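Colleague: Work out the full structure: start from the sequences and follow the hints.
There are 2 protein chains.
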Amino acid sequence: MTQPTYQIDIQPIGRRIEMPAGTNLLDACQQSGIELVAVCGGAGVCATCRVRLASGTLSGVTQNETEDFSEAELAGGIRKACQAEILSDLLIEIPPESLSAPQRLSIEGREEEFKWVEGVVRAVEVEVGRASLEDLRPDTTRVIQAIQAQADPNKKHGRIYFDSEAAKQLAPALRNNEWKVRLAMRGDEVVAVLPQGTKIYGIASDVGTTKVAVYLIDLETGEIVAKGGAMNPQIGYGEDIIARIRYINDHEDGLKTLQTRIIDGLNALIEELSKEANIRQEQIVEAVIVGNTAMHHVLAGLPVHQLGDSPYMATVGESLDIKCRDLGLNLARGATLYLPPNVTGFVGADHVAMLIGASLPGTRKTIVALDIGTNTEISVYHNGHHFTTSCPSGPAFEGAHIDDGMRAAPGAIERVLIDGESVQLRTIGDVDPIGICGSGILDAIAQLLEAGLLEPRGAFKGQHSRLRGVGGKAEFVLAPASQSRTGRDVRVTRRDVNEIQLAKSAVRTGTECLMERAGITPADLDQFVVAGAFGTYLDVDSAVSIGMFPKAERSKFVQIGNAAGTGARRMLVSMEARKLADKITRDVEYVELAKHVGFTKIFARALMLE
Amino acid sequence: MTQPTYQIDIQPIGRRIEMPAGTNLLDACQQSGIELVAVCGGAGVCATCRVRLASGTLSGVTQNETEDFSEAELAGGIRKACQAEILSDLLIEIPPESLSAPQRLSIEGREEEFKWVEGVVRAVEVEVGRASLEDLRPDTTRVIQAIQAQADPNKKHGRIYFDSEAAKQLAPALRNNEWKVRLAMRGDEVVAVLPQGTKIYGIASDVGTTKVAVYLIDLETGEIVAKGGAMNPQIGYGEDIIARIRYINDHEDGLKTLQTRIIDGLNALIEELSKEANIRQEQIVEAVIVGNTAMHHVLAGLPVHQLGDSPYMATVGESLDIKCRDLGLNLARGATLYLPPNVTGFVGADHVAMLIGASLPGTRKTIVALDIGTNTEISVYHNGHHFTTSCPSGPAFEGAHIDDGMRAAPGAIERVLIDGESVQLRTIGDVDPIGICGSGILDAIAQLLEAGLLEPRGAFKGQHSRLRGVGGKAEFVLAPASQSRTGRDVRVTRRDVNEIQLAKSAVRTGTECLMERAGITPADLDQFVVAGAFGTYLDVDSAVSIGMFPKAERSKFVQIGNAAGTGARRMLVSMEARKLADKITRDVEYVELAKHVGFTKIFARALMLE
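Heads up: the protein sequence lines correspond to chains A and B, in order.
The working numbering puts the first residue of the first sequence at 605, with every later residue one more than the last.
The working numbering puts the first residue of the second sequence at 605, with every later residue one more than the last.
Calculated directly from the structure, the hints in this document are not laboratory data.
None of these values were measured; they are calculated from a predicted model.
Warning: the hint list may mix true and false statements.
Straight line, CA to CA, 20 Å or less: simulated EDC-like cross-link-like pairs of lysine to aspartate or glutamate [to be verified]:
(1) K1183(A) to E1157(B)
(2) K879(A) to D868(A)
(3) K1183(A) to E1214(A)
(4) K860(B) to D930(A)
(5) K1183(B) to D792(A)
(6) K860(B) to D822(A)
Modeller: Encoded structure:
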């Protein structure tokens, strides 16, 4: 009798492995090159290989697990990997502290010189007269009058007022600090009362479907004081947006659950950065979070049902100001979260932020700018007009739906060079290969094309010692079992090639349709801007080779990193940047691809690897 | 051996009774004329005589109490009065449902014709195009554009935006109502999304130290749809402001506790009125609450420590807008609470509201206006100037610190006529007398003066069948034991007279000092306005006789009822009224009595009953 084999999905690293029934879970991870911490070497003594069983069946909880974990933890599916055997298909979540090799997160955007004219939140120091029988003005009145006294007489001011939570801080702050305080003012609103000389900070964050980046910013200088990233904790509820919306539709508290997960995740990061910078969270008085429309809606607790069904509608377009306390974000009690505007259900605030981060709005140049992900948003600027669209490029560029695919984590093949019989690889972290990530598969296909081992339609051809099988079963071995950390071959399969064809065709089709709408050809381009994590690491030549990008001059291509994060930081400190965001959504023309004449023809042509 | 006697304070009716140890609590209440419901006649079978032991010792809980009350109730001190014997001094709270005779609450103000120009919250109906691939504008965008399309082109509009909670209601509302909705708009902010044709309402409330009045208002017509009142549930934590501030200073969660009590009390009244008017609480989109500075601060959760110590400072002067959800007030999720401005620690938003309710701001006439309570706030208008002050008049006018005193509840003597040997009484509810309330004691003293039985210094003199004792022990029997419901004499004692002298002297001194500051005499007065519950029921001639009010022409006196409630209703519906409130606090001159030249002399003179 053969042992049945089960599939184990490992989150958040996005690896799927197959293991015979009864395999120990820690062994399974280690055999697959997933570096779980296991300080005691699997003896069950420590709890460092802690994982969470999200679905499926493992062997029963052992005594040393009941000793180390609380009932709540056990009820939540927390297990020691070393104590559990695989008894079905599984979904396993690895908490960050159990992973010995950190994920690679793209949090660096291009840092350009950027000067803001009108800040969003400013610090104002005031000293007021003490309360006495001769001066019975309420605390707020004396403070407001002191602010007015130092205001620029040439600038128009509205009525100054206190946020109701900030007002609570005033009486003790005045009396404990010799009647001198520092106020954080958001326009005419006092949002925090702090001791004199205390610096004020803000949070800018890019919440992606997969990853979350957070920056702690000095609001008076605009400098990044600390930054950090983590996986989006919602990932356990679905890898992509559609799966998460389905989860929400199917569970009464689904929206609340996913909202809580991301808020908790952000709070953890904010706490971490505050500790690193040695500041109190009450000093953080403003936040900006950018994300795609679905991430935006879930974060704000807005309904997403209509986002999951055609015509995939955003319910909120305009920017939102939400008191952080309404969401449970742990900043100053009076702090505000600014959520920039969304264009449509598929072009969200993250794309708006990307355009601002790349300094594109208002350009007179002819520019294509795109942010490649599960969904790829594209903008074209020409003659002062701005067109945008979005296309479903799927998760292949993130290593999903690729037979030996994985996310851009240590052990992922990210560069491939095929030179005759020699196959050279570069992996993230320079370790033995475990699998292949998006930029690696792109490189591999470009190299296979160049080596004459692939046809434009996606079929393998020719002869190579690494090429085996035929037709739909053909595959090219990038790393043989002897060199891989998993002890198995890491391959590019015919199916992988087809996945990439579909994905790159979506991107190319969106770009072509927008360029047609704008009436331009690749020769007209001044710039072709590629943003985002995958866009940062991909090889532009490979992307052009396989026909994902149009054949423009190499010098026109610019890879700008996490421009959405840069845009978020600009909107954190600058009113001009926020006005720009409003202007983008007012002026942009959204092009619906399915309604573009010639769409089907363009798509079919774009499937070709050429 | 004589049985010891214990004092029992009965709240919220403000009665103090004395009973021998071991007396049954229901009997004690009934003997004292306090009409506790007791459906089963004290057999212990029903639970209608339910009371709460706030402090002191009663006999042990009986079996039929453990059967009828939950553990939580018992732990909270809930008892059946019929099952409990008095074993110490006690503080007993009677829940409203256990009182057979309702309290008299002053909730009617003078209803004048009042037209507002600019409403605070208005309803806007919009119908928008359905979402389709041809029209992918987000829900908010299509709604905002529809609002702009119907806006008055001659009026300046700001940027229209959604409250983040109101935004959550939009997607389902549009899709469930054929893309037609009714919006509640507060200026440029959409605060609620409702089905077409749904009416919108507001809440105006006057939160006094003792009583709470709530009005449910149709925001489109300004009409009162329902109204109700209750005792301020904070009363169990101290009868007056100073006692409650002490409670807060002495208890870590004291502020939160008292805040929660008043919010719960308001929520209960709001729920009651909503049921009565058959509306959903989501239709209530705006609230205004007025109260003295301490009530204001506790409601908003603002620190009160500095309010309890000289110089008794308000921390917040200016008006506050607070989202009702921040306080836990159960209205529409996007509803706002407007708290009008305070002048000082002793002249709060309730006085501002009273002035607005009496249409006084901006008057060119010479007017004295006052609201008599434990603290009495006084305003003087003359030549367009406005002076205000406050004086500590104590609780005597509310029947406290009076030997046979009680609040204005059924059984309280409220009018007295002494004609030779005949003593005629009128009680609230026309029942046999239990005690004497503020207006009754005022009348009694005025009548005793007129009958030549009192000297201006406050000593009894002369001969009367009802006058007995001498010197400090002298007393005048208003209702002999045979006629009273308690079976004891209801008397006016020498001590009572002294209490009233102190209280009326405070009011008179405040009035005199303000009039001196304004440079006017009683002859200059166009009007003498008396507001508030006690002010409504007192006899003006008696008040003038005993020297509480200056000797102005009788026709100048106006009693206007709960003008603070009227002012709150005006501020609920009118932006002009709110601007007026700001203007009052900007323009008024607060006169500190202790610093007024001649204060001591005026006070000594004002003690005389003349």
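Colleague: Evaluate each hint against the coordinates.
Modeller: Here is how each hint holds up against the structure:
no.: 1; hint: K1183(A) to E1157(B); verdict: violated, 64 Å
no.: 2; hint: K879(A) to D868(A); verdict: holds, 17 Å
no.: 3; hint: K1183(A) to E1214(A); verdict: violated, 41 Å
no.: 4; hint: K860(B) to D930(A); verdict: holds, 19 Å
no.: 5; hint: K1183(B) to D792(A); verdict: holds, 18 Å
no.: 6; hint: K860(B) to D822(A); verdict: violated, 34 Å
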